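Mind the numbering: the sequence shown is residues 579 to 720 in our numbering, read in order.
Mixed in with the good hints there might be a few duds.
Keeping only pairs whose Cα atoms sit at most 25 Å apart, straight-line, the calculated SDA-like set for lysine to any residue is [what the hints assert, rightly or not]: (1) LYS681 x ALA706; (2) LYS681 x ALA691; (3) LYS648 x ALA621; (4) LYS648 x ALA667; (5) LYS681 x LEU663; (6) LYS616 x ALA706.
Derived DEER-like restraints, expressed as beta-carbon distance ranges [what the hints assert, rightly or not]: (7) ARG649 x ALA698: 23 to 29 Å; (8) ALA677 x GLU638: 28 to 34 Å; (9) ALA677 x ARG649: 24 to 30 Å; (10) MET620 x ALA677: 17 to 23 Å; (11) GLU686 x LYS648: 31 to 37 Å; (12) ARG607 x GLU638: 39 to 45 Å; (13) ALA651 x GLU594: 48 to 54 Å; (14) GLU606 x GLN643: 21 to 27 Å; (15) ASN597 x ARG699: 34 to 40 Å; (16) GLU686 x ALA657: 25 to 31 Å; (17) VAL630 x GLU686: 25 to 31 Å; (18) ASN685 x ASN597: 21 to 27 Å; (19) ILE684 x VAL630: 21 to 27 Å.
Keep in mind that the hints were calculated from the coordinates and are not lab data.
The structure presented is a predicted model; accordingly, all values stated were derived computationally and were not measured.
From the three backbone atoms N, C-alpha and C, an ideal C-beta is built for every residue, glycine too.
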Amino acid sequence: MSQDEDLTTTREDSLEQLNRRLRRFARERDWEQFHSPKNLSMALIAECAELVEHFQWLTEEQSRQLPAPKREAVALEMADILIYLVRCAERLDIDLIAAAQRKIAINERRYPAERVRGDARRAEEYPATGGVGPGQGNSEGA
Numbered sequence: 579m580s581q582d583e584d585l586t587t588t589r590e591d592s593l594e595q596l597n598r599r600l601r602r603f604a605r606e607r608d609w610e611q612f613h614s615p616k617n618l619s620m621a622l623i624a625e626c627a628e629l630v631e632h633f634q635w636l637t638e639e640q641s642r643q644l645p646a647p648k649r650e651a652v653a654l655e656m657a658d659i660l661i662y663l664v665r666c667a668e669r670l671d672i673d674l675i676a677a678a679q680r681k682i683a684i685n686e687r688r689y690p691a692e693r694v695r696g697d698a699r700r701a702e703e704y705p706a707t708g709g710v711g712p713g714q715g716n717s718e719g720a
């Protein structure tokens with residue numbers, strides 16, 4: 579087994595453990611009735627906005643060198659995002675690891691390294707020759 583395969587298995591187990599804990603948390607509070615994909619995706623985007631607020635007006639360098647309290651606040655916003663994403667996937671019966679693996683494969687075809695190295699344009703912005711061009715999904719790349 580390669581190092582990447584081992585990491586994937588570990589992540590998969592961790593996501594499943596997190597999902598079980600989140601499901602138990604919601605059931606103990608009778609909150610599953612509120613956890614529709616619509617509501618969870620709306621909560622997810624709200625948490626994404628809260629994450630962005632921590633970086634608003636920072637320079638690129640400042641965003642890389644967060645003070646400890648700010649870094650912890652960012653970590654908790656990221657945790658909220660992960661929680662809502664995992665819950666939404668569970669409600670829709672989507673395997674996040676498998677979906678991410680499929681998306682990476684799509685991006686590898688759309689953005690061949692030898693063609694796009696150091697260039698972070700969207701696929702449709704590249705000339706029409708080669709493996710870069712419109713495809714599945716609309717939020718890929720750098």
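Identify every previously stated hint that the structure contradicts and give their numbers, smallest first.
Result: hints 4, 6, 13 and 14 break, sorted rising.
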